[in-house]
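Enquirer: Residue numbering for the sequence shown is 7 to 82, as defined by this note's numbering.
Honestly, I wouldn't trust all of these hints.
If you anchor each label on the Cβ, the simulated ranges turn out as follows [stated by the list, open to error]:
1. P40 x R70: 28 to 34 Å
2. D34 x T64: 22 to 28 Å
3. D31 x T9: 17 to 23 Å
4. S52 x N18: 16 to 22 Å
5. S39 x W14: 21 to 27 Å
6. G32 x P82: 32 to 38 Å
7. G53 x Y78: 19 to 25 Å
8. P82 x R35: 33 to 39 Å
9. G36 x G16: 30 to 36 Å
10. S52 x S17: 29 to 35 Å
11. D34 x P80: 29 to 35 Å
Calculated directly from the structure, the hints in this document are not laboratory data. Heads up, the beta-carbon is just placed ideally off N, CA and C, and yes, glycines get one too.
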Amino acid sequence: MVTVQVRWKGSNQPVKGSRVALGFDGLDRGVTSPQYTDSNGEARFSGSGTGEVYVDGTTRYTGRLDGRIVVYIPGP
Numbered sequence: 007m008v009t010v011q012v013r014w015k016g017s018n019q020p021v022k023g024s025r026v027a028l029g030f031d032g033l034d035r036g037v038t039s040p041q042y043t044d045s046n047g048e049a050r051f052s053g054s055g056t057g058e059v060y061v062d063g064t065t066r067y068t069g070r071l072d073g074r075i076v077v078y079i080p081g082p
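Please model the entire structure based on the sequences and the hints provided.
Expert: Rendered as structure tokens:
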């Protein structure tokens, strides 16, 4: 399972309503359906592996997709 938390870089506050998707490495894995962050800035996905985290269409993390991943986006 993967939990992605999106936070504002400037204020470190969680971001509600960001669209998050995971792109898994490998020919048969592909990209997940997008999930929207909740009031804690979190979006949850099943599975694990390596790949990328996309937030609102921009790559924000590349590496192991497992457990908890915190990404920061520009803003307040």
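Enquirer: If you test the structure against every hint from before, which numbers come out violated?
Expert: 1, 4
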